[in-house]
Structure formats: C-alpha cells, structure tokens
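Visitor: Residue strings, one per chain:
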Amino acid sequence: MLPILLVLTLVEVGSGLVLGRFETQLLQYPTLLALVPVTIGTAGNLGSILAARLSTAFHLGTLSFDPRDENLAGNALATFALAVSIFPVVGVGAWGLTALVSGAQLAPQTVVAISLASGIALAILAIAVTVAVTYVAYRFRLDPDDVVIPIVTNTCDVLGVVVLFATVQLLL
Amino acid sequence: MTVRDAAREAYREALPALAASLVGGLIAGVVLSGMRAELRDVSGLLVLVPALLATRGNVYGSLGARISTALHQGLVEPRVRGGDERLKSAVAAALANGLLASAFAAVAVFTILSLLGSSVAPLPVLVAIALLAGLLSGVALSAVVVTAVFAGYRRGRDPDTLVGPLVTTTGDVFGVFFLLAAVRIVLALAEVI
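Those protein sequences? They're chains A and B, same order as listed. If you count by the numbering used here, then the first sequence holds residues 1156 to 1327, one letter each, in order. If you count by the numbering used here, then the second sequence holds residues 19 to 211, one letter each, in order.
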C-alpha cells in the first residue's frame, strides 16, 4: 500500500506543479481557484465510476473489448452525457459562490464556458484512460478492482489540472 | 440491451454520487478561494494542494473499503464502542499512511521547487502545515468513514457503495478546511518563535 501511495503522491505533486504555473491567474481570479477542487474531483469521479462499472461488468463476463460492445459503448456515452450535464452546474456554482464571497471579476458565461469546455475534454480523456487501463489490467490478468481505480482517479486528477490550465489559456 | 439502455442505466446510477461530490467540491473551492492571502504568504502551498487532497481520498477511501470488507466477512462488529482491535489498528494504519504521504508531498514540493529555482517557503513550515492538516483531517475523516459505514451497514445498505462518494465529498471539504486551519496555526506559531 505505502509504495503505491507515495508514487500516487508524486503524481499529484506533478499536477500541483502545473497549478503553480498559473498561480498568478488563480490568485487574481478567485473563481478560477474555486474551480480547481471541483474540476479535479469531478474528473476523478467520472473516471472511477466508469472504471468500477467496467470492472464489475468484466467480472460478470458481460464486457468485451470491442467498440461495438453495447455495455462498453453505453457506459462511455453515459460518461460523456454526465460531463455535459454536470460541468455547466460546476461553472454556475463556482461563479455564484465566489461572487457572494469574494465578488465577481469574471462574467458568468466565461466561467461556464471554461467549465464546460474542460468537462468535455476531461470526459473524452477519462473514457480513453479508463478503457486503456482496464484493458491492460485484463491482458495482464490483474484484478481491475485493485489496480484500475487508483490509477484512473489519480490520472484524472492530473488531467483535470492540465485541462483546466489549457482551457483558461485558450478562453481567458 | 442496446447502447441507449446501457447508457441510460449508467447515467441514472452515477448522477446522485456525482452531484453529492459536486457540492463538496464547490464548498472546498470556495474555502480555497478564500485563502488567497495564505497562498501568497506561503510559496509552494498551492503546489501542495492536489497532493494533500488526493491523499485524503486514497488513504481514507481504502480505510472505508477495508472496514466494509471486514464487516462483510464478520471480522468487525458494527459498533464504535467496545474498541475492536482490528478497527483500531486499521484506523491507526490509515492515519500513519496519511501523515507519511503528507510529509513526503511537502518534502517533494520543497525539493522540486528549490531545484527549479522557484521561491518556496522554508521546509519546516511546509512539513508542519502538511502534518498538521493531515492529522486534523485524518481524525475527522476516520470518524466520518467509520460512523457512516457502520450506520449504513446496520440499516442494511451495502457499505461498498457508500464509501466512494462519501470520501470524495467529505475528503475535499475537510481537506481544504483543515489545510486553512493548519496554515493559520503554523503561521501564528512561526511568528511567536
């Protein structure tokens, strides 16, 4: 447990370093800072829910790694639909709460655009990472429950920060 | 089952957990955005944030999973009182892992930022903040995880499905809240010394 935990901690320090690269912008716009935990968390959750569902389906023998597999395609589609419905709420929530606490510096539509664009990119990445890691676990005959969820959650955490950083540079 | 049916079922089952952790994440975000002064005062603290938050999820998520497996196997009684040895040692191990990972993250952040030539707060300050935040949030999260898993189990709910959303939601909120408390305590002590 401990060696894995320390490796995962180092991976997270990597995402912290990306966060440090746009510290000036984050400190200037409190709304962007408020987006950080919720974007990371939601990205990690999208990945871990998909991973948990795929590994259960895999244990039950109802999953095959074929793009035409209904279970695989349906779960991927649901992940995308979840991202599209939850990330606008993330944007509105982060804007509204920071507007109440610290005053609004950014327009609500800017924050929602940043949040939704990050969310869509993250959903696609989370699906790709989860399917790839589950497939590798399956090929190496590892139990996906043990391996996939921690790897997917922490990878999605890092991707959450990277994607948020990239989106802010593009849209702000 | 068509793709549409599979997607609809997956969507319905995942939405409540995602919505719950969304609320936790937003509260954590507002607390984080309110600590801009502390983030400016302690260089490198922002870099430490993802590692500290993820440690909470990794350590206490696995504590919850262990307790629920032990409950399923009948190795642990679903009662907090009575001081079950197995339960005590699981919580102690989680706290120790959490503290170690937090201190490790602080040392890693200090080392990397120093090597990059970026400005960074003194090592003892970062380590003290990470350890204090790890201890406070660890005690709070252990209490929440143990109580919620036991309560859920006694009401006939599968604790396995409770642990994930519970830890991600409370982990973020407690993680950021106790980080703020730890920074303020350490900065106040540093001024006295």
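If you're looking for bench data, these hints aren't it; they were derived computationally from the structure. Keep in mind it's a predicted model, so treat the numbers as computed, not measured. The reader is advised that the hints may include incorrect statements.
Claimed, not checked - Example chain A residues on the side facing chain B (calculated, C-beta under 10 Å, incomplete):
#1 V1193
#2 A1207
#3 H1214
#4 V1245
#5 L1325
#6 L1327
As the list claims (entries may be wrong) - For each label pair, taking beta carbons as the anchor points, the in silico distance ranges come out as:
#7 L1255/A x R26/B: 31 to 37 Å
#8 D1301/A x R202/B: 36 to 42 Å
#9 Q1260/A x P142/B: 32 to 38 Å
#10 Q1260/A x T20/B: 42 to 48 Å
#11 L1297/A x A110/B: 25 to 31 Å
#12 P142/B x R1294/A: 53 to 59 Å
What the hints assert, rightly or not - To be clear about the criterion: a stretch of chain B counts as covered by chain A if any three or more of its residues have a C-beta under 8 Å from a C-beta of chain A, and this derived list gives those stretches:
#13 33-43
#14 88-94
#15 117-131
#16 141-153
Note that beta-carbon positions come from the ideal geometry of N, C-alpha and C, so glycine has one too.
Visitor: Do the Cβ positions of P142/B and R1294/A conform to the proposed distance bound of 53 to 59 Å?
Guide: violated, 46 Å
Visitor: Was the hint right that V1193/A lines chain B, CB cutoff 10 Å?
Guide: Hint holds; V1193/A Cβ to chain B Cβ min 3 Å, cut 10 Å.
Visitor: Please count how many residues of the stretch 117-131 of chain B have a CB within 8 Å of a CB from chain A and say whether that reaches 3.
Guide: holds (count 8)
Visitor: Between Q1260/A and T20/B, does the beta-carbon spacing fit 42 to 48 Å?
Guide: Hint holds: Cβ distance 47 Å, inside 42 to 48 Å.
Visitor: How about the stretch 141-153 of chain B: do at least three of its residues have a C-beta closer than 8 Å to a C-beta of chain A?
Guide: violated (count 0)
Visitor: Cβ-Cβ distance between L1297/A and A110/B: within 25 to 31 Å?
Guide: Check passed, 29 Å falls within 25 to 31 Å.
Visitor: Quick one: are D1301/A and R202/B within 36 to 42 Å, going by C-beta?
Guide: For D1301/A and R202/B the Cβ distance comes to about 39 Å; the hint holds.
Visitor: Closer than 8 Å, Cβ to Cβ, for at least three residues: run that test on the stretch 33-43 of chain B against chain A and report holds or violated.
Guide: With 8 residues closer than 8 Å to chain A, the stretch 33-43 of chain B meets the three-residue bar; holds.
Visitor: Given that the stretch 88-94 of chain B was listed as covered by chain A, double-check it with a C-beta distance under 8 Å for 3 or more residues.
Guide: As far as the stretch 88-94 of chain B goes, the hint is violated, because 0 residues have Cβ atoms under 8 Å from chain A.
Visitor: Given L1325/A was flagged as interface, is its beta-carbon under 10 Å from a beta-carbon of chain B?
Guide: violated, 21 Å
Visitor: Check the following: the C-beta atoms of L1255/A and R26/B are separated by a distance inside 31 to 37 Å.
Guide: With a Cβ separation near 36 Å, L1255/A and R26/B satisfy 31 to 37 Å, so the hint holds.
Visitor: Can we keep the H1214/A interface hint, with Cβ of chain B closer than 10 Å?
Guide: Hint on H1214/A: violated, closest Cβ of chain B at ~13 Å, above 10 Å.
Consistency with the previously given hints fails for numbers 3, 5, 6, 12, 14, 16, ordered from lowest to highest.
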